[in-house]
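Chains A and B, in that order, are what the protein sequence lines are. Numbered per the numbering used here, the first sequence finishes at 508, counting up by one with no gaps. Numbered per the numbering used here, the second sequence finishes at 1508, counting up by one with no gaps.
Please keep in mind that the hints were generated in silico from the structure rather than gathered at the bench. Beta carbons are placed, not taken as given, at the ideal position from N, Cα and C, and that holds for glycine. Keep in mind that a hint or two might mislead.
As the list claims (entries may be wrong) - Anything over 10 Å on all C-beta distances counts as not near chain B; from chain A, calculated:
1) Y71
2) Q176
3) P474
To be verified - Under the rule of at most 25 Å between Cα atoms (straight-line distance), these lysine to aspartate or glutamate pairs were calculated in the DMTMM-like manner:
4) B:K1151 with A:E247
5) A:K26 with B:D1125
6) B:K1381 with B:E1391
7) B:K1183 with B:E1090
8) A:K26 with B:D1124
9) A:K381 with A:D356
10) A:K259 with B:D1125
11) A:K442 with A:E422
12) B:K1257 with A:D124
13) A:K20 with A:D287
14) A:K442 with A:D179
15) A:K257 with B:E1090
16) B:K1485 with A:D124
17) A:K257 with B:E1187
18) B:K1485 with B:E1187
19) A:K259 with B:E1157
20) B:K1259 with A:E157
21) A:K485 with B:D1124
22) B:K1259 with A:D124
23) B:K1259 with B:E1293
24) B:K1234 with B:E1293
As the list claims (entries may be wrong) - Between beta-carbon pairs, the in silico distance windows are:
25) A:E24 with B:G1051: 51 to 57 Å
26) B:E1033 with A:D105: 52 to 58 Å
27) A:D105 with B:E1318: 20 to 26 Å
28) B:D1048 with A:E391: 51 to 57 Å
29) B:D1048 with A:S16: 32 to 38 Å
30) A:D105 with B:G1464: 29 to 35 Å
31) A:S320 with B:G1065: 35 to 41 Å
32) B:G1051 with A:D105: 26 to 32 Å
33) A:R135 with B:G1464: 40 to 46 Å
Protein chains: 2
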Amino acid sequence: MAQTNSLRDFQMTVHSEFIKIAEELKPVLYSRELSPEAARLNGESLADFRGQSLGQGDALLLDFGCHVTGYVSFDFASQGSPPDAPALLEIKLGESQAELLQSVDSYRGNLTASWLQEERTHIDDFPSRLGLPRRYAFRYVQIRVLAISPKYRLTVEGSSVRAVSAADFATVLPLQVQDEELKRLDEAGLLTLHECMQEVFEDGPKRDRRMWLGDLYLQAKTNYAAFRQTELVKRCLYLFAGLRQNEGRIGATLFIKPKLQVDDIFLFDYALHFVNTLHEYYEETGDRATLAELYPVALRQIEIAVRRMDDGGLVQDEDSWWCFVDWGEGLNKQASAQGIFIVALRKMLNLAEVLDETSDEGKLKALLEQAANGMARLYDKEQGLFVSGAERQVSWHSQIWAVLAGLLPEDLARKLLERLPELPHAPQTPFMHHFYVEALLKAGLRQEALSHLKHYWGAMLADGSDTYGEVFNPQNPHYSPYDDKAIESRCHAWSCTPSYFIRRYFAD
Amino acid sequence: MAQTNSLRDFQMTVHSEFIKIAEELKPVLYSRELSPEAARLNGESLADFRGQSLGQGDALLLDFGCHVTGYVSFDFASQGSPPDAPALLEIKLGESQAELLQSVDSYRGNLTASWLQEERTHIDDFPSRLGLPRRYAFRYVQIRVLAISPKYRLTVEGSSVRAVSAADFATVLPLQVQDEELKRLDEAGLLTLHECMQEVFEDGPKRDRRMWLGDLYLQAKTNYAAFRQTELVKRCLYLFAGLRQNEGRIGATLFIKPKLQVDDIFLFDYALHFVNTLHEYYEETGDRATLAELYPVALRQIEIAVRRMDDGGLVQDEDSWWCFVDWGEGLNKQASAQGIFIVALRKMLNLAEVLDETSDEGKLKALLEQAANGMARLYDKEQGLFVSGAERQVSWHSQIWAVLAGLLPEDLARKLLERLPELPHAPQTPFMHHFYVEALLKAGLRQEALSHLKHYWGAMLADGSDTYGEVFNPQNPHYSPYDDKAIESRCHAWSCTPSYFIRRYFAD
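For reference, chain A alone in the conformation it holds in the complex (with noise of 0.2 Å):
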């Protein structure tokens, strides 16, 4: 995520009994070793590339065979007379071939270049051993020489990844299903995931390698029905309960290195899914005690919602990039976010119950009429939809929140997304489109959902890809937030749940 939308006067306050809980419970990281599967001197495929010799100018591009979160290291040599001068090399590392073809100095996204994996580095002595001391999220590594002596030649004799995760796959729950594509989607979603699981839930382990909240809680929903490392949660949720913003909001993101921060951005939505998520790891685990100690900073986010729910009931809208939703330009959150805001009222009343916060209870039930009323402000009876916004915009995003919601009947919501396609807006990314798959759902539309998920998620696998992205559009594959495809994250937290909804759903 790029755009800002820092917190004025931003303070962190961190709740130190809440940080050793969540250090308590760092991971210990399983690791593996992998070595190159193919490679390609100057674009042509090599049976070995270890002996081939490369002078100026020369590239070898080797191939891992899959998507790898981890630490490279090259063992070089020379052939020739004794090397009288450093060879300078450019390594760039991809999780696609297309993102090697892009390099800092030509780039023009609006993220910063720094997140492309291109590294230079001079070889001074021969023969010798490079480790890349910081960890990338690759497939595809090349090997350029920018500038070697004449009088030698360099080769490469050895590459190994000392992958890394949180998640070991060996303790995956196993799979009963049929379908083959099925299966497929499903062990995309597990890479994605199992590559995003390192210290903390990461958003992306080229980009951001942070955490998010958005991420987390579909991350934690397909670790349930996957690796079950219900710890890695708890622990995420302690950091964030425990490196709070202003006024005790939580953060749409934290930092984990050098030090553990929050940042400053705060989002609407980000904020309200952090009571989504603890309510998830509570049913999921039966965790009270965790339970019992985080609820009053989720009900300390409904009490900062609230406040912008004018006195219809409505939540008030902003031009700035105050709640996040989806990507893609003009998009108007304000339905989106009256949704998400139900939803997250809902399932904070049932933590009440669970622990029969009668006080808590009553206050919840009363927000809930009045943001219901909210939301019926919002349906435009003429169009038969949910409008969004002082345009009274109209996008695929409000109808799936509307339909999330839970207050509708079953015929209208089906009619709703029945209508989907013929309305502009449509999602841009795999979190919105998991939305979308989960409202389908919710209004009994089962094979829709079944389909969309073989249609939309089987499309990212469908150029060679093993893990899903961070963006996209079918309608429109070039379309990137960031100006510049390269810069995307091909392996994308909030984009596992195919594994989520086969395993949860359409397993046997």
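Let chain A serve as the given structure and place chain B on it in line with the hints.
For chain B alone, coordinates are given in the frame of chain A:
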């Protein structure tokens, strides 16, 4: 050096007993910490660079105030929001500011661009300390922000260099001289030598960072008059003797890292400078044991050189890069090689006398006579000048080496030297200018020698440099044997001899 004169079927023979002696003499490096003395941000002078914030495209120039060889580190911090993306920095290190204007991507010189001291590095965490792992030679460091997020700015809170050398300024022999100009010339010579004295006598701490015999010969001379680290000379003699090419040849240059190795380049004159260097080492130290041990190695170089001598006692010419003498296009090396051969023969004879090797004495005397006859064949009576090669080329070099061969009456020697300004092929390097000054002194032209020291080496300091460079032709200051001044070494071993001349010939 760059051009290739590699031996065919090159093989290295290691004399492990010599290497053992050399390795036991490996010096402990002195180190000292230096901080920047001045700084500029985008060209504007700063009272203090600390805390100045840098955004995308900004460039901070740090000036350490003098030439240093060592390891640089930086303390980076950030201002603004928590850093939400890495910063990508370009770090260039230059012995001169002009060097910083060149870059790897635009460089078109004929030595590999990997010698340019230019790095790219990502800073992932703030605050953090970055210590560049490679050793650099520089006075200026430029940090340019290639890519940074708009949410924060980078600050440089500190920078320091751990400067290293085998030489300790505290041990320099005192110099008694009134002339301020000579003091300044001596200081630059000392600093040049100091910077090149590392685990061995390097040719240049920026490039090639290894030992060449031509450089060693002049470094050893200056070292005796300044730091008097005779053990380091001994170590280097044993290294050259211990790592030999086919037939016991001394190679032109040795690699020290990653392992001791002789390069495959052989140069006629450089191998003979081994004899000269051993001779002066004995003269300075009286170390008869070392002389006795290395005497056969020196004699072997004479035997190999003799093979080039035709029946008339003349060294045969060749089109290849068989003999260095100097840079400069089209220079014929025959006459210079003949002069160098005679000088080495005379020193070898002297060593044979010291060791009472009477059989060798006889052979060397006969060879000397033959070689003197050969030199006489190169004298063109009509022109009153020495000529070189089949095309009877006239150059400065041929006259200078004819004088140094010591066969001419002083009046003819003087006449030759006085006519040099009218001749083509002026010397291009301080290496050859050194021998010019030696020739002036040999011909009794003491004032001319002093004047040349001041004019030639003095001009190298006129632009603010505090060390002497690799190449300098006052008539053609833009000349570079590498087609690019940026790749040249501005602190080069063979240029340090003003300190030798001043201390040995012009001190009170």
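Hints, one by one, checked against the model:
1. No Cβ of chain B approaches the Cβ of Y71 (chain A) within 10 Å, the least distance being about 14 Å, so the stated non-interface status holds.
2. With a cut of 10 Å on Cβ distances, Q176 (chain A) stays outside the contact zone with chain B, its closest approach being about 42 Å.
3. For P474 (chain A), the requirement that its beta carbon stay farther than 10 Å from each beta carbon of chain B is met, with the minimum near 29 Å.
4. For the hint pairing K1151 (chain B) with E247 (chain A), the CA-to-CA distance comes to about 22 Å; that is within 25 Å, so the pair holds.
5. For the suggested pair K26 (chain A) and D1125 (chain B), the alpha carbons sit about 20 Å apart, so the restraint of at most 25 Å is met.
6. Restraint check for K1381 (chain B) and E1391 (chain B): satisfied, since their Cα atoms lie roughly 16 Å apart, inside the 25 Å limit.
7. About 38 Å separates the Cα atoms of K1183 (chain B) and E1090 (chain B), which puts this hinted pair outside 25 Å; it is violated.
8. With a C-alpha separation of about 21 Å, the suggested pair K26 (chain A) and D1124 (chain B) falls inside the 25 Å cut-off, and the hint holds.
9. The suggested pairing of K381 (chain A) with D356 (chain A) is violated, with an alpha-carbon distance near 39 Å, which exceeds 25 Å.
10. A distance of roughly 9 Å separates the Cα atoms of K259 (chain A) and D1125 (chain B); the hinted pair therefore holds under the 25 Å criterion.
11. Taking the CA atoms of K442 (chain A) and E422 (chain A), the gap is about 21 Å. The hint holds against a cut of 25 Å.
12. Straight-line distance between C-alpha atoms of K1257 (chain B) and D124 (chain A) comes to about 9 Å, which keeps the hinted pair within the 25 Å bound.
13. For the hint linking K20 (chain A) to D287 (chain A), the alpha-carbon distance of about 18 Å falls within 25 Å, and the restraint holds.
14. Of the supplied pair hints, the one linking K442 (chain A) and D179 (chain A) holds, its CA atoms being roughly 23 Å apart against a limit of 25 Å.
15. Straight-line distance between C-alpha atoms of K257 (chain A) and E1090 (chain B) comes to about 23 Å, which keeps the hinted pair within the 25 Å bound.
16. As the CA atoms of K1485 (chain B) and D124 (chain A) are separated by approximately 22 Å, the hinted pair is consistent with the 25 Å bound.
17. Our distance criterion of 25 Å between C-alpha atoms is broken by K257 (chain A) and E1187 (chain B), whose separation comes to about 48 Å.
18. Among the hinted pairs, K1485 (chain B) with E1187 (chain B) is consistent with the structure: their alpha-carbon atoms are about 24 Å apart, no more than 25 Å.
19. Among the hinted pairs, K259 (chain A) with E1157 (chain B) is consistent with the structure: their alpha-carbon atoms are about 19 Å apart, no more than 25 Å.
20. A distance of roughly 19 Å separates the Cα atoms of K1259 (chain B) and E157 (chain A); the hinted pair therefore holds under the 25 Å criterion.
21. Taking the CA atoms of K485 (chain A) and D1124 (chain B), the gap is about 22 Å. The hint holds against a cut of 25 Å.
22. Proximity of K1259 (chain B) to D124 (chain A) is assessed by CA-CA distance (about 12 Å); at most 25 Å being required, the pair is judged to hold.
23. This hinted pair checks out: K1259 (chain B) and E1293 (chain B) have alpha carbons roughly 24 Å apart, not beyond 25 Å.
24. Distance hint between K1234 (chain B) and E1293 (chain B) is fulfilled; the C-alpha atoms sit about 12 Å from each other, no more than 25 Å.
25. Checked against the hint of 51 to 57 Å, the C-beta distance between E24 (chain A) and G1051 (chain B) comes to roughly 38 Å, which is inconsistent with it.
26. For the hinted restraint 52 to 58 Å between E1033 (chain B) and D105 (chain A), the CB-CB distance of approximately 35 Å leaves it violated.
27. Taking the beta carbon of each, D105 (chain A) and E1318 (chain B) are about 45 Å apart, not inside 20 to 26 Å as hinted.
28. Checked against the hint of 51 to 57 Å, the C-beta distance between D1048 (chain B) and E391 (chain A) comes to roughly 52 Å, which is consistent with it.
29. Distance hint for D1048 (chain B) and S16 (chain A): a CB-CB separation of about 36 Å, consistent with the stated range 32 to 38 Å.
30. Hint check: D105 (chain A) to G1464 (chain B), Cβ distance near 32 Å, so the stated range 29 to 35 Å holds.
31. The supplied range of 35 to 41 Å is broken by S320 (chain A) and G1065 (chain B), whose beta-carbon atoms lie about 49 Å from each other.
32. Range check, G1051 (chain B) to D105 (chain A): Cβ separation about 30 Å, and the 26 to 32 Å hint holds.
33. The hinted range of 40 to 46 Å is satisfied by R135 (chain A) and G1464 (chain B), whose Cβ atoms lie roughly 44 Å apart.
Of the numbered hints listed earlier, those contradicted by the structure are 7, 9, 17, 25, 26, 27, 31.
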